[in-house]
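Both chains come to you apart, so use the hints to assemble them.
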Amino acid sequence: MNKFATLLIFSLWLFCAFSFAQDASETGSPADRLPKIHPDYSDVVIPPNIAPLNFYIDEAGDSYHVKIHSQTGDPIEIHSNQPSIEIPLGQWKGLLSANRGQKLYIDIAITDTANNQRRFKTIENEIANDEIDPFLAYRKLNLCLIWRDMGLFQRNLENFDETIVLHNYSYNYGCANCHTFYNNDPRHMTLQVRSTLYGTPMLLVDGDEVEPKAVKGEATSGKANFVAWHPNGEIIAVSDNKFSMMIHTTGQECRDVFDAAGDVDLYFVKTGKVVSESQISQPDRIETFPEWSRDGKYLYFCSAPQLPLDRYAEVIYDLMRIAYNVESGEWGELETVLTSEEVKGSVVQPRFSPDGRFLLFNAAQYSDFPVDKAKSDLHMLDVETGGHRKLSISSERNDSWHSWSSNSRWIAFSSRRIDGRFTRPFFSYVDENGEAHKPFVLPQQDPAYYDSLTRAIQVPELITGPIPVKGRQFIKAMKDNKKRALSGDSPWKSSKESVSDTPAANRNFQ
Amino acid sequence: MADAQNVKSGRGGESLIASLVFWVLFFLFILFYIEPTLIHHSYYPRWRLPTFVPGTDFFADWPPFPGKPIVYLSGWMFHLFYLSWAGALIITAVAFLMCLGLDKYLNAISGDRARWLRFAPALVVLVQYNHYNDFLMENLSIALCLLSLYAYTHLPVHRSALRFLLFLAFSCALYYIAVYAWLLFFLLGAIDELLHRRDWKIALAQLAAILPMPLAFGPWIFDQELIDAYRSVLPYDPQIEEPERIVLQSFLYVFILGASLSCASWNLYSKKRKASHTQLNAAQKNIAETTDEKPSSRRLRFVLTTAILLIVVFGAAWLSTDRVLKMRLRVSYFAQHRMWPELLQEASKLSEHYYDISYCHDVNRALYHSGRLLDDMFAYPQPIGWQLYHVGDSSTPLDATEKLTRNISLPETLYEMGRVNEAEHFALDGLTNLKYHPQGLMQLAMINIVKHQPDAARVFLRSLRKDCFYRDEAQAVLDQLDKDPDFSSDKQVQQIRASMPDIDKSGESTLEELLAKNENNRMAFEYMMADNLQKGQLSDIAENIKRFANMKYPALPRTCEEALVIYMHKTNTTPDLHGYAISQESVERFSAINNILFNKYHGDPVAAFEELVENYGDSFFFYYLYTYVVTRDPNESTTG
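The listed protein sequences derive, respectively, from chains A and B. Going by the working numbering, the residue at position 248 of the first sequence is 266; the numbering climbs one at a time, nothing skipped. Going by the working numbering, the residue at position 405 of the second sequence is 448; the numbering climbs one at a time, nothing skipped.
Chain B extracted, bound-state conformation (with noise of 0.2 Å):
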């Protein structure tokens, strides 16, 4: 963003060479920091933009209405958000653009003042992003007004009607490219004129041209009513229901608008000054010029400027970097790629306090895909009121990552479970929900095979080859359908098949109910001891020893050995262990965790507590203990 001045003062290669540094940094933090991957996966932002919804023509379907060529092509951008190095070029580029923009109509109405303004929408977009919510929309909008007052503002017309009349046609094609932006442009324009050219009845008009513009466009081109032709030009949707997101969207459009009108109204006043002290002026020029070409002075407060204008930004997007939103979105996206050891590792940074329903799930569920399930469930938080998998029903008041394990995880879940109409039940609504969600697409490609319905399968599937990521993944299954439309040589399907309950019944199927079906269905067995533990149902661990056998288990899991010494502690009995033995270790833990709860703190287990959760917070020991045997709030979780 070096100017004409600059290069000429030999300031611009140094302008050149920071603007390169801060927009190289900038792609670095989005890239490696943010991760847009993680915003592409994100719930908001694939429910805001319906740009890409498979089997759906957006303009087509979808009635036309102000700015919809700026939604389309930022929903088609931000399809692009999957592949983070994409993505991070996108938003660089439209952060750069809006620098740019609002350095070149700073620079028109105001000259050289304040040039560090002109990187404060690069701020304002890593704190957006921050936030793992996509603004491409507004933010494109914002450039494109920016840009379009660069070129009002640059263009050689001096009479006041002709310029007028070309800012409305300038905003004509605003209005039906990029509405949200509108209101700024109007905005701008009329500050450019009243404090920069001075024609305050141009200014006026096109003050006064506002009101009427929605009036003529909203109903008549886009079949709007009037009070929603008026909405539309505002700088947010009254009707979102985030409000930080109304902050963070309205926060950039009121700073430009600020920031010009301080910078016009200031360049305006110098002027004046200017012209009562000229002399003085002059002089203080003088002295300027000769401090400015003092080569050392000026490389030093080179150095310093840019030194701190990177310190303020990159400072203040890591001070302001929502990590908890971050570290969850990252678990549900390991769920969805089913990358299970990332998972683990992500969910163990997580302090128990940020746990919540789709935590569980997904943490449960990658538990279960990695053999540790009842060997390791405990060495996370197993709050007692929660369910393990399930993520509540329709009336459930649901956040953002948790309508992510809903859409997505849930129906996987269910359908690996057997329990597969109720798999597509979710998988439908996710379709819906999500606007954007191809895996969907690809559940009930497979719910359907599963079901013997290959043509519905293939609907889904060829939905899902429109979409360049999935193209691949979606024609290998459409060709195996081709050869084998019942896939009975998949095993999975098979396994699935087999599991699928008999009992048509209105509501879910129970855990027992899929075991009644299938006595080999291991999930299904897991999750159901996993349940007894975590309700403390030591007897329904002891009745089902027999099961571990039935499915080869080569030993019992850890977590239900304990269960197992709890049982025959308090019951004075030995269950049939149906061939298996109570490993030694557990039974030392359980003497380790009675010695030092009894002869060390002497029986007191709040002041064990510290010592205990240290060296025995993962057992089943400990959470039988803090959640069944010391009375606790039961909505309180007891952590590993």
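Next up, chain A with everything else stripped away, as it sits in the complex (with noise of 0.2 Å):
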């Protein structure tokens, strides 16, 4: 008899357990306010090939109850004892891939020690139509002056693969620099180092190889800093700066950039050719962050005037274009396309939507290093109607280091919303009316990551692809530019010389 009423009473221990485990995200007295997650997943619009976007329920309770549905296909379940929701990646796929253009939705309820529930009011997201590209690249590194551990680092957006592409630790703690796609394709990029072993190379990947490539202009020292490839993937506009650091006394940033100087010249990727123009490269001004119109037809450019340092607030960019013609090499007349009075702040960091629609620009109080500013936003220029606004993403913190998707449709940037310190990655919806919606964190496998991580991720840049180059082949191609140098077939400097001789800034700069 004992025995009968222990397995009975187990066994309606067991149903009621599974029912409450089963019906507790849509039981319970309700709450009339959303729940509180992080990272902050509601009401935004996500790529349908995204992977999880796994929160952390800031929420008191003994366990959490968490239903994620949208219009068609099983809903997702999951029950757990930590607050810490980890979804499954292939029901999260199903989901998404069926129902494209649809809300999805998250309820939440937690169950606190005394077997009370709560339950929240319904997340909303919405589930866009459009793909976002696959892969990201990225730079992770600490923020320091000094190359100790910096990377470039490429994650698969679709689940949570992260992979190293170069790690300065492969190059005596060089710097990797700033890398730029030939349209979002991961075949056809540039990477600048700056090495005490290796000196200061551009490196070309082209396919699986890779090479240094010599861009030592009249203007240019052979020292590429932001370039911008014309969408016929044979030129390469490529900006020299001079930069160093400044400390603040005080403000929120302890640290800033300083532009000396800076020129932009052309390099042709078959030839090997530097063309410098005086329009581009004049001596009073510095001209810098060179963007292609996606025509091919116009050279634009962050211009402003040359100052010493202690007027580094004065120095403050207008965005300006100079036609250019292809075939025969000639250059129109510099035009003016926005004032920094127009903007109210520094215009800098011009990137054209791939179907050439929008321009996307960042304004800053001043200088042409807007992520070590306490505040910096973003701005979109619509091609068509010559019309600018900044967009109303843009945070009360610093957002910058902006790319498109190859379809026009997403941008990625960098943004310190989080915390005001360390820039995470950032994604947004852009629509056809170059709308930009609310954005949403990069997603990691531990919704708590960006919590304690004390790195930033910069340069967020959307690419079709892994990038198929191993982190050996740059070593190599940096080992290469070395030898021609010591050899005398290489302009550039290769020595300790030439990285003495390179600015502070020109080190990593949050």
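Calculated directly from the structure, the hints in this document are not laboratory data. Treat the hints with caution; some may be incorrect.
Have a look at the derived ranges for each label pair, beta carbon to beta carbon [to be verified]:
hint	chain 1	residue 1	chain 2	residue 2	range
1	B	I264	A	S346	17 to 27 Å
2	A	R118	B	A541	36 to 46 Å
3	A	V344	B	E551	26 to 36 Å
4	B	V630	A	D328	45 to 55 Å
Calculated Cβ distances over 12 Å to all of chain A for the following chain B residues [unchecked claim]:
hint	residue
5	Y279
6	R381
7	W383
8	F512
For glycine and all other residues, C-beta sits at the position ideal for the given N, C-alpha and C.
Have a look at this one:
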């Protein structure tokens, strides 16, 4: 009899526990507010191919019940004793792919130790029809002037796989500078390197090969900073800047970057020829951040007066352009596209959407290094209408280093909106009218990943696949650069001299 | 390390006791003399072992490379050096494993010859750690290599081909786990095959396999350039900058190789000799055995050899200690832990010859926090060319302890003064320079709290919370942040906020600017006055007397009084003392110095030096006399 009673009680307990677990997210006393979760994955538009948006529930409770559902398909139900919610990849992918263009709902219920249940308002997100490019390339680094631990990483956005493309451990702690892709294609990219061992080459990836390339022209010293690929893939506009570091004695940002000089040259990929033009390398102005119009007829760039360090706050950039005829190599007249007065800020980092319709740029109070400002905003210029506006998604903190997806529907950018200090990669859906929707941070397997990550993730560039070359190929290219320099074949400096003369700010900056 | 033969002959017990005594003494020597927590505090080990960098996933964020598991393991073990006893235990255990491994290997290839050689790795370990650098990774690799060889040599495999394949399997594992000792493994394996097993074909095959293996593993598994693949199997990293480290690192490697080669060769030679002189050897053996059987002489020999071993090992270890480095590290350690009395006591032991900008910084900071800066600063060297607290700019070449000061103490000093942005700049650099730098995380958290950025502070604190030694401290601040995100009830935070400069400019805030912002910034004031004293700017001392009154100092500090006495004597004027009086003691000391100098030594300061330094070396009078009155090399310091 006792055995039977025990069995009965156990069965009842199992039944109750199971029933409760099944329905907890739909029962319980409702709360008239959304649950607190982080990262903030509410009211966002997400790509149908994004990795699961794992999140952490910031509500006290004993057990957590989450139901993720949409128009069609089986809902995903998660019951956990931990507030950290990890969504199964397979179910998530199935749900998203079956519900493109639909709403995605997240119901959360919490049970406390007294077995009281609380149910929160449903979190609503939207699944876009348009996919995001499946890979993201970025720099991950410490907030330091010294290149002790930094690298170029790539992340598969459809899952949580992250791989190291090039870590500076492999080349004696040099700097892996900005990486720029041709039409979001990982098989065609440039990467700037600063190394005490191997000099400051620009590495050019062509297919599965890497080569150091010479970019020394009349205006440029051989050290490339910011580059832009011409739509024909045969010309690269290169800026050469003289950065130095400064420390602010007060204010939110302790560090800043001062650009003492900058000029733009054209590098021809096939011939290796470097072409200078006086209009984009004026001695009394700083020209930087080149960008080609999508029809390839205009070279856009940012321009500011060249001033001494003590007038750093007056170095404010306008957006300029100059016509260029690829066939004849003739230059047109210099035109001002947007002045800093119009934008009420220093216009930098112009990036055209691949369809050529919009120009996304950044505006900070001054300088061409917005990432070192406490605040900088994203702005959009409509190429058709010529109108521009600050994007509503700009935060009260720093947003910068933006890039477009190959289908022009997604932007990725670095933002410090979470904690004000560390840049994290965010994505935003941009509709056909150029309206950017509430951004969301790159999802991670561990939803608390960013909570304690004391490294910055910068320069997020969306790419259509993984970078095909290995780290050792980049190293080999660097070594080739050194060999050429030693044998006198290369105009680059490759000794310590070249690096010591590299301004401090050419080291990594957050 | 008593082997079976010894046990059978009744010597096992003695050998065991000797080993036990040796290793207990070894442990105690490491614990109390070397103090592993100082190694944990020192610069290069933190820099070399990036395993536990807060906020970094070592396996995910660092590329794969040969030997990564042993780097991780040694990093993890090194982390425990925070507790001296744990560090001593680890160092002892690793040394023991190396000795055991060498003992077993030598025993396998040469029998019971030269047993004292087995203790040599322990001696080398002591010498290594006497220089306050860390060799855990290398030593662990060697221990693993020797124990692997022991396992290999005892495998009951007699077919050459199979043995060779097994050897390759062992070497592959070692390449992945502990590449540092991989080459050693091959060379010792070849010695075993060539001189012990007499299988020269396998030995040659083993030596031949050295070349293609990095070629196969480096580029294809670890994405290494070929040259880097070969470089990684060398006994030291050619890119490291410390010659002393290269010597210490390579010595053990070469020693083991040399000892093995010698023992195996000697064994081979003995066997050949034995074969040709069997009868003679047998007679000698009988005599030896007869001799061994005498317990009194055996015991005497045992006691003597043990005593010699202990004297040699610990004597060499004691003699090889870098005492200056140890003292400097202790000062730096005390500074980090704000142990001011201990710091000042330790600093007073160090000869002026070894003073550097790091010492200067830490001593002055300790004096300030002890309330003695303006009283006793000249009791310690204050070289005229050195700044009181700054440690040079980023281009200044610094040694290891100076780097510790620049990365740990300087941000704290700047923070306490109110130069918060500059503190943040140096603390951020420290976080990367030192790699493992938990104090830096706390510094940055507090800096962000002061700057009203609690979200950023939380990131640093959550990262710090992952460190078992700092978990509670970090959690306490996090809890406080939750209750009061502005830290409005924290007096120090309020005081620092009140001292932060208003004027934004590129560079650094001067002490005058800090005082202009907050006239009650006591630290800025005392450092400014100390700076005036160091530079002999007497009129500036006189002009700032009112600040003492404003800050309610009960009396003028001794050195300032002395400066004012000289000022009054030189200018024949009496400045406004704002209610203070020059103490009789200062006036008397001035008279006494004058008396000694002019009456006893007829105005010859060189002749008077010895007597003055003995009695008045800690006074401003003495400093001023020998720095500004008597012409000396401005770089030469004047000691108290």
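Against the structure, the hints come out as follows:
1. I264/B / S346/A: 17 to 27 Å: 52 Å, violated
2. R118/A / A541/B: 36 to 46 Å: Violated: the Cβ-Cβ distance is about 57 Å, outside 36 to 46 Å.
3. V344/A / E551/B: 26 to 36 Å: Since the Cβ atoms of V344/A and E551/B sit about 50 Å apart, the hinted range of 26 to 36 Å is violated.
4. V630/B / D328/A: 45 to 55 Å: The hinted range 45 to 55 Å holds for V630/B and D328/A, with Cβ atoms some 48 Å apart.
5. Y279: Correct as stated: the minimum Cβ-Cβ distance to chain A is 16 Å, above 12 Å.
6. R381: 24 Å, holds
7. W383: 28 Å, holds
8. F512: With a cut-off of 12 Å, F512/B remains clear of chain A, as the shortest Cβ separation is near 16 Å.
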